[in-house]
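Novice: One-letter residues, chain by chain:
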Amino acid sequence: MIKTDILIIGAGPTGLFAVFEAGLLKLKCHLIDSLPMPGGQCAEIYPKKPIYDIPSHPEILAGDLVKNLEQQIAPFQPGYTLGESAVSIEKTKDDQFIVTTDKGTQHQAPVVAIAGGLGTFEPRKPPLERLDFFENKGINYIIKDPEIYRDKRIVIAGGGDSALDWTIFLEKIASSVTLIHRRNEFRGALDSVEKVQQLKNEAKIQLITPAEVIALEGETTLSSLSIKREENTHQLECDYFIPLFGLTPKLGPIAKWGLEIEKNAIKVDNTLDYQTNIPGIYAIGDVNTYPGKLKLILCGFHEATLMCQSAFKRIFPDKRNVLKYTTVSGVSGFDGSSKQAAKSTIKTIE
Amino acid sequence: MPQEITIHLTDREGVHHELIAPTDMQMNLMEICKAYELPVEGTCGGMAMCASCQCYVESDHVLPERSDDEEAMLSEAFFVKDNSRLGCQIQMNDSIDGLKVSLAPSE
Numbered sequence: 001m002i003k004t005d006i007l008i009i010g011a012g013p014t015g016l017f018a019v020f021e022a023g024l025l026k027l028k029c030h031l032i033d034s035l036p037m038p039g040g041q042c043a044e045i046y047p048k049k050p051i052y053d054i055p056s057h058p059e060i061l062a063g064d065l066v067k068n069l070e071q072q073i074a075p076f077q078p079g080y081t082l083g084e085s086a087v088s089i090e091k092t093k094d095d096q097f098i099v100t101t102d103k104g105t106q107h108q109a110p111v112v113a114i115a116g117g118l119g120t121f122e123p124r125k126p127p128l129e130r131l132d133f134f135e136n137k138g139i140n141y142i143i144k145d146p147e148i149y150r151d152k153r154i155v156i157a158g159g160g161d162s163a164l165d166w167t168i169f170l171e172k173i174a175s176s177v178t179l180i181h182r183r184n185e186f187r188g189a190l191d192s193v194e195k196v197q198q199l200k201n202e203a204k205i206q207l208i209t210p211a212e213v214i215a216l217e218g219e220t221t222l223s224s225l226s227i228k229r230e231e232n233t234h235q236l237e238c239d240y241f242i243p244l245f246g247l248t249p250k251l252g253p254i255a256k257w258g259l260e261i262e263k264n265a266i267k268v269d270n271t272l273d274y275q276t277n278i279p280g281i282y283a284i285g286d287v288n289t290y291p292g293k294l295k296l297i298l299c300g301f302h303e304a305t306l307m308c309q310s311a312f313k314r315i316f317p318d319k320r321n322v323l324k325y326t327t328v329s330g331v332s333g334f335d336g337s338s339k340q341a342a343k344s345t346i347k348t349i350e
Numbered sequence: 001m002p003q004e005i006t007i008h009l010t011d012r013e014g015v016h017h018e019l020i021a022p023t024d025m026q027m028n029l030m031e032i033c034k035a036y037e038l039p040v041e042g043t044c045g046g047m048a049m050c051a052s053c054q055c056y057v058e059s060d061h062v063l064p065e066r067s068d069d070e071e072a073m074l075s076e077a078f079f080v081k082d083n084s085r086l087g088c089q090i091q092m093n094d095s096i097d098g099l100k101v102s103l104a105p106s107e
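Respectively, the protein sequence lines represent chains A and B. Taken in order, the first sequence gives residues 1 to 350; the numbers are from our numbering. Taken in order, the second sequence gives residues 1 to 107; the numbers are from our numbering.
Careful, some of the hints might be misleading.
[What the hints assert, rightly or not] Below 20 Å or equal to it, Euclidean Cα-Cα: the simulated DMTMM-like pairs (lysine to aspartate or glutamate) are:
1. Lys250(A) <-> Glu260(A)
2. Lys100(B) <-> Glu18(B)
3. Lys267(A) <-> Glu41(B)
4. Lys49(A) <-> Asp69(B)
5. Lys49(A) <-> Glu71(B)
6. Lys48(A) <-> Glu71(B)
7. Lys100(B) <-> Asp60(B)
8. Lys81(B) <-> Glu231(A)
9. Lys125(A) <-> Glu217(A)
10. Lys263(A) <-> Glu13(B)
11. Lys152(A) <-> Glu262(A)
12. Lys28(A) <-> Asp273(A)
13. Lys295(A) <-> Asp60(B)
14. Lys250(A) <-> Glu41(B)
15. Lys172(A) <-> Glu185(A)
16. Lys195(A) <-> Glu171(A)
17. Lys48(A) <-> Asp68(B)
18. Lys263(A) <-> Asp11(B)
19. Lys137(A) <-> Glu217(A)
20. Lys267(A) <-> Glu37(B)
21. Lys319(A) <-> Asp64(A)
22. Lys263(A) <-> Glu41(B)
23. Lys34(B) <-> Glu262(A)
24. Lys263(A) <-> Glu37(B)
25. Lys250(A) <-> Asp82(B)
26. Lys49(A) <-> Asp68(B)
27. Lys125(A) <-> Glu37(B)
28. Lys293(A) <-> Glu37(B)
29. Lys125(A) <-> Glu107(B)
30. Lys81(B) <-> Glu260(A)
31. Lys250(A) <-> Asp69(B)
32. Lys81(B) <-> Glu129(A)
33. Lys103(A) <-> Asp145(A)
34. Lys293(A) <-> Glu41(B)
35. Lys263(A) <-> Glu107(B)
36. Lys295(A) <-> Glu41(B)
37. Lys81(B) <-> Glu18(B)
38. Lys48(A) <-> Glu107(B)
39. Lys228(A) <-> Asp82(B)
40. Lys81(B) <-> Glu230(A)
None of these hints come from the bench; they were simulated from the model.
So that you can see chain B by itself, here it is in the shape it has in the complex (with noise of 0.2 Å):
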């Protein structure tokens, strides 16, 4: 069986994408995005220290809440919504197969 997903990124642009994901790599959304050569930054590697991976989830996946760390960062980043997420903390998993997200604007 193929460990994979999909998920619907809508760009900055507007443009829809369909990113298959492995679940096996111990991958991230910011890192999907980068491996898609999407115009994600991910300037701090990943560690919920920057905020260029923002995005909107515009599905209603149950995703794991907000740590410390993520709620920091976001209550500091800018055009931030409910929906508001860092993609560096959105692990790949199955239980997010389907996932709907938007980028924030870049800062």
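The shape of chain A in the complex, shown without the other chains (with noise of 0.2 Å):
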């Protein structure tokens, strides 16, 4: 069981932030996320693109964002449960709460703070007939173990780096690698494309394009798939089909925990301290919905410091504690490392 503060749920930018503001107040954080790295939509949808509404950040790549917050919050050690969904939430009789996750690993905390964005990151599934059914019978949309996929006949379907990234490590052991894509143009790394154009004129793998895969076959286990390429349909056997098409977020198991939604987001009281309607659990970021609500990076991380100040309250309900300046205080982690403004220096001039 792993034991914290405050247990964060989703580790993007404002989950992050919280990180440092309740470090501050010398709680401790543990994040947990469903992706298998910290930064969120920042890191999974668009690293590379600049954010211009960072207050003192003229412009800054939401890959960096990420990357510096990870250093603003190093000295408060947060721990992670990444590639990880939280699950279920349970109440004990001692006012804690504990979170499990997909994977069976359990958390517990007095106070939990959802950061969750837009939810769970999840596998875009292609609109096929019986998809369901071939899940993890033939069909998988995220590569755990490259192992299983030695010496079979794999299909990749996409046009991303994840489809080009995984024809290029799967060639090496499967017994064919087929990617289907419906244009010609592929969106990925330069050296990526090159790599699998490269593959193509080698025969060592097969590209279908422009294509897409239209009908699955199979009895218990998928067998084949239907292929249409401009007007003609062909059949190809094969022992695993596996659609990249990204991820998309879905509030997930998290809708189902007694809190008030609304517009697939959690109710909160903006009017003190982000508080859900059950005591002790907070909902901040892009999460969150109250009367007014912007789903911006900056009014995260105000929720964030907000909550982090109630939680506070909440864990030690008897002892005083005011605002505290950085540039008064300075920030000392956990880590025994401490940051403190320069004294000036006072000398006479004679």
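Now that you have both chains on their own, put them together as the hints suggest.
Specialist: As structure tokens, then:
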């Protein structure tokens, strides 16, 4: 059981910044995120896009914003459970929450802050008949263990980096790799595109474009695909079909935690501290809603700050505390590091 | 003179909506839909990086050509037709007054 002061669900910019504000109050944080890396949407959807409305950053790439936040919170040694989604929550008799992930990892904290953005990132699934049936029976959306593809016939669909990267990777171990995309152009890193071109030229992979998979066949497991290229349809036998069309966020299991939901977002008390209808559970950033809500990173930072102050009072109801300024108090990390404004030099001029 | 145009939109239930859109606010169709609280997610915020605002253009207005980003996204979107566009890439201006569109199914 992982124990912490504030358990943050979602490691996007808002969740990450909450670690800093909590750290100033000597509260420890642990973050859970379904993605394998911190950053949320900024990391998954638009790491290379510039953001222009972060105060004091005239321009910053989303990926750099995440990197800076990670650096800023490092002294507070946040724990991470990455690549796992929070699925259930229960309350103990002594007012603690236990949050369990889809992989069974358990976390305990007196305060839970949901900073889940638009939700858990899930693979975008092509609208094909019997798709659900073949899931894990020949269709995988995420490559967890590449070894299962050794000496198998693989078909990958998609036109982005993950389709290109996995084509390149699996070519080395699979008996055959076919890449299918609806157009001839690929949106990916140039060297990946060139590498795939080279593999195609050397006949190490099969590239079918512009084409798409329109049907799935097989009795108990997937055995072949129908592929439509221009006006012609043909069948292609395969052992695995891996559609790689990116990820899309879904609110998911959190929607069933008894929290008040409005328009796919969690209702909070914005006049006070962004607490939900369940005391001790807060919602901050894009995942929450209240009158006048704006889904902006800068608003998420503000909400995270107020949430931490309220969490402190909840955890230490009798401890007196006042807001401190980092210019005065500096930053004392849990790692023993300490940052402080330089003292001015006073010297007599004779 | 009011800087407004009308967009005729059919939602996923087949209900017709007449949307009055300002042309001086740098808004796109996805944003107009959100302003009218229609069920358009606009997950990526308008970067042509998700397809949650996909729509079908049903009038013969001449729209600016698809950008590379839009083309790439549509090539990975589902339920795509020849007249598919991403709402976030359709800017509100006088030339599209009276545009008829319908929302593509949500994924």
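Novice: Out of the numbered hints, which ones does the structure contradict?
Specialist: 11, 13, 15, 21, 25, 27, 30, 31, 37 and 38
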